[in-house]
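Per the working numbering, the sequence shown starts with residue 539, numbered consecutively.
Please keep in mind that the hints were generated in silico from the structure rather than gathered at the bench. Every residue gets a Cβ at the ideal spot worked out from N, C-alpha and C, and that includes glycine. There's no promise every hint is true.
Computed Cβ-Cβ distance ranges for the label pairs, DEER-style [said to hold, decoys possible]:
no., residue 1, residue 2, range
1, Leu647, Trp552, 37 to 47 Å
2, Ala773, Leu822, 21 to 31 Å
3, Leu586, Arg811, 43 to 53 Å
4, Ala643, Leu586, 43 to 53 Å
5, Ser565, Gly704, 22 to 32 Å
6, Pro584, Arg798, 42 to 52 Å
7, Leu759, Arg618, 21 to 31 Å
27 Å max Cα-Cα, derived DSSO-like pairs, lysine-lysine [unchecked claim]:
no., residue 1, residue 2
8, Lys621, Lys814
9, Lys814, Lys617
10, Lys814, Lys560
11, Lys621, Lys560
12, Lys615, Lys814
13, Lys560, Lys617
14, Lys560, Lys615
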Amino acid sequence: MIVAESSVPLPADWRDLFALTKPRVMSLVVFTALCGLLASRAAIDPVLGFTAILCIALGAGASGALNQWYEADLDAKMKRTAKRPLPAGRVDRQTALHFGVGLAAFSVLMLGLATNWLAAAILAFSIFFYAVVYTVWLKPNTPQNIVIGGAAGAFPPLLGWAAASGHVTTLPALLFAIIFLWTPPHFWALALFVRTDYAAAGIPMLPVTAGVRATRQQILLYSLVLAAAAVAPWALGLTGAIYGLTAAVLSAVFVVLAVRVWRNRATDAAEMRPEKSLFGFSILYLFILFGALVADRLLLA
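Please model the entire structure based on the sequences and the hints provided.
Okay, structure coming up:
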């Protein structure tokens, strides 16, 4: 007997749904949120603290899913993203939309019930900012997309602090500023050696619209401002020497790598080793910097 092949698509595999949350990005979100929570020194029940970090992670995952839902056609045009679940056909757009909206609603509601509504409001705004302001408006329309859009990735330490303490003070605001200023040199370093992908997709990233040289100049400029922001908590007396010295050394290395990028004249992606070095170090930079902050705040409490 011949059995007709079903035209009903199979349910999405859990691994594909997990991929929609951008787990590599989520790991940085979870880490910086946890650092913000611990650095607040607030007394919070461990179960509620875990719930808060889980909700922040789910909120970040919701942002990633909604971003991929909206950009499915663009992702299909770029080698770097063509194998994602939506352009590869492993997940349909309706599933991705429902998954993203469901995660967003659950994470915000649960964070508000478990901790406080200030943290929930910040989480809701961060999801909206990334999924709508950055994805829908900024990214396809302006080369400054990653500058303004960098705010979306800067919310986690603010969220962790607010969830634990119920308020926001100068230090978490500075942590927000550090990630905000870190995002352009971090992302532009990547964009330089994958700029052909962005050009093919019609996305006006700075290397596509302003050129390689101008982007390298901007990377150096933002790196210098980032270095000042990174040592500001120590200079203002909000942290001790553990954080301050770590920030100074890390930022000096960051600036040196940015100078190497600025001095590089290569336009071929294969010859952009300084850019790849800066991109790799920038991730390590944030992990070590925030780790030093927690060590400083807890050991010198």
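Structure-based check of each hint:
no.	hint	verdict
1	Leu647 to Trp552: 37 to 47 Å	violated, 23 Å
2	Ala773 to Leu822: 21 to 31 Å	holds, 23 Å
3	Leu586 to Arg811: 43 to 53 Å	holds, 46 Å
4	Ala643 to Leu586: 43 to 53 Å	violated, 20 Å
5	Ser565 to Gly704: 22 to 32 Å	holds, 26 Å
6	Pro584 to Arg798: 42 to 52 Å	holds, 44 Å
7	Leu759 to Arg618: 21 to 31 Å	holds, 26 Å
8	Lys621 to Lys814	holds, 22 Å
9	Lys814 to Lys617	holds, 18 Å
10	Lys814 to Lys560	holds, 21 Å
11	Lys621 to Lys560	holds, 13 Å
12	Lys615 to Lys814	holds, 23 Å
13	Lys560 to Lys617	holds, 17 Å
14	Lys560 to Lys615	holds, 18 Å
When the structure is compared with the earlier hints, violations turn up for hints 1 and 4 and for no others.
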